[in-house]
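Asker: In order, the protein sequence lines correspond to chains A and B. Anchor point for the first sequence: position 309 equals 308 in numbering that gives the first Met the number 0, and the numbering is continuous, going up by one each time. Anchor point for the second sequence: position 159 equals 158 in numbering that gives the first Met the number 0, and the numbering is continuous, going up by one each time.
There could be a bad hint or two in this list.
Subject to a maximum C-alpha distance of 25 Å in a straight line, what follows is the list of computed PhoX-like cross-link-like pairs (lysine-lysine) [said to hold, decoys possible]: (1) K153(B) to K125(B); (2) K149(B) to K162(B); (3) K209(A) to K160(A); (4) K125(B) to K2(A); (5) K153(B) to K5(A); (6) K255(A) to K72(A); (7) K5(A) to K112(B); (8) K5(A) to K125(B); (9) K2(A) to K160(A); (10) K162(B) to K112(B); (11) K125(B) to K88(B); (12) K88(B) to K298(A).
Think of the hints as simulated: they come from the structure by calculation, not from any bench.
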Amino acid sequence: MAKTVKLLQGNEACAQGAVYAGCRFFAGYPITPSSEIAEILAASLPRVGGRFIQMEDELASIAAIIGASLAGKKSMTATSGPGFSLMQENIGFACITEIPVVIVNVMRGGPSTGMPTAPGQGDIMQAKWGTQGDHPAVTMAPDSVGEFFTETIRAFNAAEKLRTPVIVLTDEIVAHTREKVEIPEPGEIPVEDRIKPSVGPADYKPYDTKFGDVPPMANFGDGYRFHVTGLVHAEDGFPTNEPDIIESQERRIIRKVEEAVPWLSKNEEFMLGDAEVALVAVGSTARAAKMAAEEAREKGVRAGVFRPVTLWPFPHERLKELAGSVKRIIVAEMNLGQIVGEVERSVCGSVEVTCLNQVNGESISPRSLCSAMVGEVQP
Amino acid sequence: MGRRTEVRLAGSGGQGLILAGVILAEAATIYDEKNAVQSQSYGPEARGGASRAEVIISDADIEYPKATELDILLCLTQESCDRYVQDLKPGGLLLVDRDEVNEIKAAREAEVKVVKIPIISTAKEKIGKALVANIVALGALVQITRVVTKDALKNAVLGRVPKGTEDLNLNALESGFELGREYKKT
Chain A
0 MAKTVKLLQG NEACAQGAVY AGCRFFAGYP ITPSSEIAEI LAASLPRVGG RFIQMEDELA
60 SIAAIIGASL AGKKSMTATS GPGFSLMQEN IGFACITEIP VVIVNVMRGG PSTGMPTAPG
120 QGDIMQAKWG TQGDHPAVTM APDSVGEFFT ETIRAFNAAE KLRTPVIVLT DEIVAHTREK
180 VEIPEPGEIP VEDRIKPSVG PADYKPYDTK FGDVPPMANF GDGYRFHVTG LVHAEDGFPT
240 NEPDIIESQE RRIIRKVEEA VPWLSKNEEF MLGDAEVALV AVGSTARAAK MAAEEAREKG
300 VRAGVFRPVT LWPFPHERLK ELAGSVKRII VAEMNLGQIV GEVERSVCGS VEVTCLNQVN
360 GESISPRSLC SAMVGEVQP
Chain B
0 MGRRTEVRLA GSGGQGLILA GVILAEAATI YDEKNAVQSQ SYGPEARGGA SRAEVIISDA
60 DIEYPKATEL DILLCLTQES CDRYVQDLKP GGLLLVDRDE VNEIKAAREA EVKVVKIPII
120 STAKEKIGKA LVANIVALGA LVQITRVVTK DALKNAVLGR VPKGTEDLNL NALESGFELG
180 REYKKT
């Protein structure tokens, strides 16, 4: 059967991926460069029996999607840095109450209002540590329009399987670029749903560890007693001051993500087989890196690219292995040094790590990356 | 690495250059079945301000989605010409609106191929709507460069423009082809 091929914008692909994954509720507040996601879902969700609400701000947006997910609908919001900052409190709430939601953050330049129409990658660490306390962090980082579609689906699947918020983190370039995408048929990409209780309401506990680290989740309103609080709670959902219970619940919500790493982790390795220099980059910067690696090879430098697609949990193990086969690692990012710290932690000084940063609102050019690899001095 | 053809359409916000970029990319991908990526850069304003769209066309996969060395540059304003002419590679094509762009940096004029045609006035006077200058420009650009086939461009225009404006846009496209043909004769 002939595939449906379309020229889609990144944000369009994200919206279509969300619907494919079963998203039936979106609440958001428009912000460049993510607004098209809301615009498209406002039109498409009602056609599939879903709901779209434009909220008064981003605090309300994330609160609404947490509520909708509790009621049983797969839910999403989309924003950029300023809105992502406002959402942090309730991201932590979704972590500890274990409510699956997807938050898309299309990064733009600068702190605060910054550069609305320009790309940046300044929210790498915020995606992990933006909300306070020890909490699980799962983040997907697509670098193309096609991948913005598939990673949005993977984000929903991970959120559902792990009962945790998942962030899709990309940048203005990926969001606003249009490219050719083959739209998968329904059923072609697996879609996961949360595990529902196998016990009756009388025996149900919303954080029952008898069923493993990811407790089954009843729909709020289906007759199951379900107490929801941001206070540390026991298996029944009510607050507790018992140190043993607190310790085990805290460790469990981290462990459920750590133990998912074998299926959750995903990297792209581009021409790394015989590479002496590895460029590490995510999102649109990785696309410049791939072109630069090809150019560096034409100049006689064996270069390759390592790209975390699952950014959090960070692929420390794979990078540690890579450090054994390359002579040098260059980390390229549109910020002043965030991923580089994680790379340094991974390789523990066993190989030279340098970084190439740019925060002027433009993407890092393949030429400057190539120069860094072949050791040319930039004019 | 496949051969990339890099095109930038530049002018000011509201001239429809991003839509023109989308149409060109659809002509290449959907109708000519090549690879293309389209991107854009614009300011926070809805109208006015510098605006540019880029389209990269290739038979191979396209890694970096932005232009590195332009093959073709369209400029509908003096400001965009001043700013971007340096990004055009030697031997590249600079297509400008004859009435809007009066001056081309002397150092570059000798290195690149310059084509000056009346894009906006053709849209205004011949078609009766300045709004379709983007389509006139695309017609001329494709007639001269054949960066996509003319059939693909026509199909892409019809696929993207609002219902009820098909004839208007096809007329604009034909006028663009005509401008390109006239230029080629000279």
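Asker: Against this structure, judge whether each hint is valid.
Answerer: Right, here's what the structure says about each hint:
1. Between K153(B) and K125(B) the alpha-carbon distance is near 19 Å, which keeps this suggested pair within the 25 Å criterion.
2. Distance check on the hinted pair: K149(B) and K162(B) sit about 21 Å apart at the alpha-carbon level, within 25 Å; holds.
3. Pair hint K209(A) plus K160(A) holds up; C-alpha atoms about 16 Å apart against a cutoff of 25 Å.
4. Restraint check for K125(B) and K2(A): not satisfied, since their Cα atoms lie roughly 41 Å apart, outside the 25 Å limit.
5. Between K153(B) and K5(A) the CA atoms are separated by roughly 17 Å; this keeps the pair inside 25 Å, and the hint holds.
6. Between K255(A) and K72(A) the alpha-carbon distance is near 22 Å, which keeps this suggested pair within the 25 Å criterion.
7. Between K5(A) and K112(B) the CA atoms are separated by roughly 34 Å; this puts the pair beyond 25 Å, and the hint is violated.
8. Between K5(A) and K125(B) the alpha-carbon distance is near 34 Å, which puts this suggested pair outside the 25 Å criterion.
9. With a C-alpha separation of about 29 Å, the suggested pair K2(A) and K160(A) falls outside the 25 Å cut-off, and the hint is violated.
10. Distance hint between K162(B) and K112(B) is unfulfilled; the C-alpha atoms sit about 37 Å from each other, more than 25 Å.
11. Taking the CA atoms of K125(B) and K88(B), the gap is near 33 Å; set against the 25 Å cutoff, the hint is violated.
12. Between the alpha carbons of K88(B) and K298(A) the distance comes to roughly 21 Å, so the proposed pair stays at or under 25 Å and holds.
Hints 4, 7, 8, 9, 10, 11, counting from the list given before, are not met by this structure.
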